[in-house]
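Visitor: Sequence:
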Amino acid sequence: MPELPDVETFKRYIDSTSLHKTIEKAQVMNKKILEEISKNNLEQGLQGTRFVESDRHGKYLFLKTTENQWMVVHFGMTGFVKYFKDESDKPNHTRLLLRFDNNYFFSFACQRMLGKIGLIQNKEDYIEKKGMGADALEVSYDLFEEKLKKRRGMAKSALMNQSIISGIGNIYADEILFQSGIHPKTKMNQLTENDFQTMYQKMQEIFDIAIKAKVDTDEFPETYIIPNRTKDGLCPKGDKKLKKTKVNGRTTYFCPVHQDKK
DNA sequence: CTAGATGTTAAGGT
DNA sequence: CACCTTAACATCTA
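Residue numbers 1 to 262, in the numbering used here, belong to the letters of the first sequence in order.
Keep in mind the hints are simulated off the structure, nothing from the lab. Watch out, some of these pointers could steer you wrong.
Claimed, not checked - Computed Cβ-Cβ distance ranges for the label pairs, DEER-style: (1) 192 / 227: 26 to 36 angstroms; (2) 223 / 78: 21 to 31 angstroms; (3) 131 / 38: 17 to 27 angstroms; (4) 237 / 212: 14 to 24 angstroms; (5) 192 / 13: 31 to 41 angstroms; (6) 249 / 25: 33 to 43 angstroms; (7) 197 / 25: 44 to 54 angstroms; (8) 25 / 256: 26 to 36 angstroms; (9) 68 / 223: 31 to 41 angstroms; (10) 187 / 257: 42 to 52 angstroms.
Said to hold, decoys possible - Only pairs whose alpha carbons sit at most 16 angstroms apart, straight line, appear in this in silico EDC-like list of lysine to aspartate or glutamate: (11) 147 / 195; (12) 25 / 124; (13) 123 / 142; (14) 64 / 142; (15) 31 / 15; (16) 129 / 36; (17) 240 / 208; (18) 21 / 67.
The C-beta atom is built at its ideal place from N, Cα and C for all residues, glycine as well.
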């Protein structure tokens with residue numbers, strides 16, 4: 001799940017459930033998710049503090065503690081968070097478990113262990129060190145076009161490159177290109193000014209709609225390709241079968257009729 | 001049993 | 001040097 005809209009949805013969920021509660025206990029259940037910190041240092045760094053503020057950059061989530069540090073969360077491919085009261089509701093692949101002073105729990109779960117959690121002093125330095133580009137919801141049109149138009153590789157690869165623009169993943173890259181009528185293998189440097197304007201506008205619109213729908217694909221517009229990204233999926237604009245290919249080593253769906261720009 | 005699944009990164013190649 | 005592509009990571013399911 002976790003592309004920009006998913007992470008934004010987690011952020012809002014955390015804002016409404018988990019801020020301003022003292023963390024009485026922190027338990028790292030699996031060390032593989034730790035990013036440059038020991039189990040003990042993360043647990044001790046969290047215990048006794050409260051989360052007071054949250055932020056998101058691309059697919060990364062930041063939670064500020066009363067000690068002026070940030071817990072940075074990356075969800076990998078299978079990560080999610082859950083706030084719950086009854087211990088029997090604890091998710092299966094919980095890797096970090098917090099208990100608040102109201103006896104509710106906070107779980108960070110990730111089945112495939114591709115997620116990461118760290119504790120950092122400075123959010124801006126971290127973003128810089130990771131080489132992240134501007135957040136997809138904050139990037140200006142001029143920067144969007146300037147960064148993308150020189151790229152020689154395939155359009156989809158460039159959209160998914162986090163160092164150019166942060167937040168677009170495999171699923172939403174397919175949606176942006178479908179809504180823009182651009183074939184995913186088109187070379188980015190062959191697109192026109194008009195194409196970049198369309199992609200920029202569609203990117204904003206799609207993320208906006210996905211976030212408002214809380215990422216529930218049942219609530220997505222009928223014209224979206226995301227719910228149809230399956231074997232035998234049909235184009236929502238014409239009933240022709242979608243094509244499946246690989247870009248960047250990732251499964252890519254597109255409509256050969258509506259994405260002929262190449 | 002094998003292939004593939006929303007992500008990132010290191011290593012190799014242009 | 002800047003950019004592009006691929007494999008690997010760990011686990012589970014179709």
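Visitor: All hints are to be evaluated individually against the structure, with a verdict given for each.
Guide: Results of checking the hints against the structure:
no., hint, verdict
1, 192 / 227: 26 to 36 angstroms, "30 angstroms, holds"
2, 223 / 78: 21 to 31 angstroms, "28 angstroms, holds"
3, 131 / 38: 17 to 27 angstroms, "25 angstroms, holds"
4, 237 / 212: 14 to 24 angstroms, "22 angstroms, holds"
5, 192 / 13: 31 to 41 angstroms, "40 angstroms, holds"
6, 249 / 25: 33 to 43 angstroms, "40 angstroms, holds"
7, 197 / 25: 44 to 54 angstroms, "51 angstroms, holds"
8, 25 / 256: 26 to 36 angstroms, "55 angstroms, violated"
9, 68 / 223: 31 to 41 angstroms, "46 angstroms, violated"
10, 187 / 257: 42 to 52 angstroms, "21 angstroms, violated"
11, 147 / 195, "14 angstroms, holds"
12, 25 / 124, "28 angstroms, violated"
13, 123 / 142, "25 angstroms, violated"
14, 64 / 142, "31 angstroms, violated"
15, 31 / 15, "26 angstroms, violated"
16, 129 / 36, "13 angstroms, holds"
17, 240 / 208, "27 angstroms, violated"
18, 21 / 67, "14 angstroms, holds"
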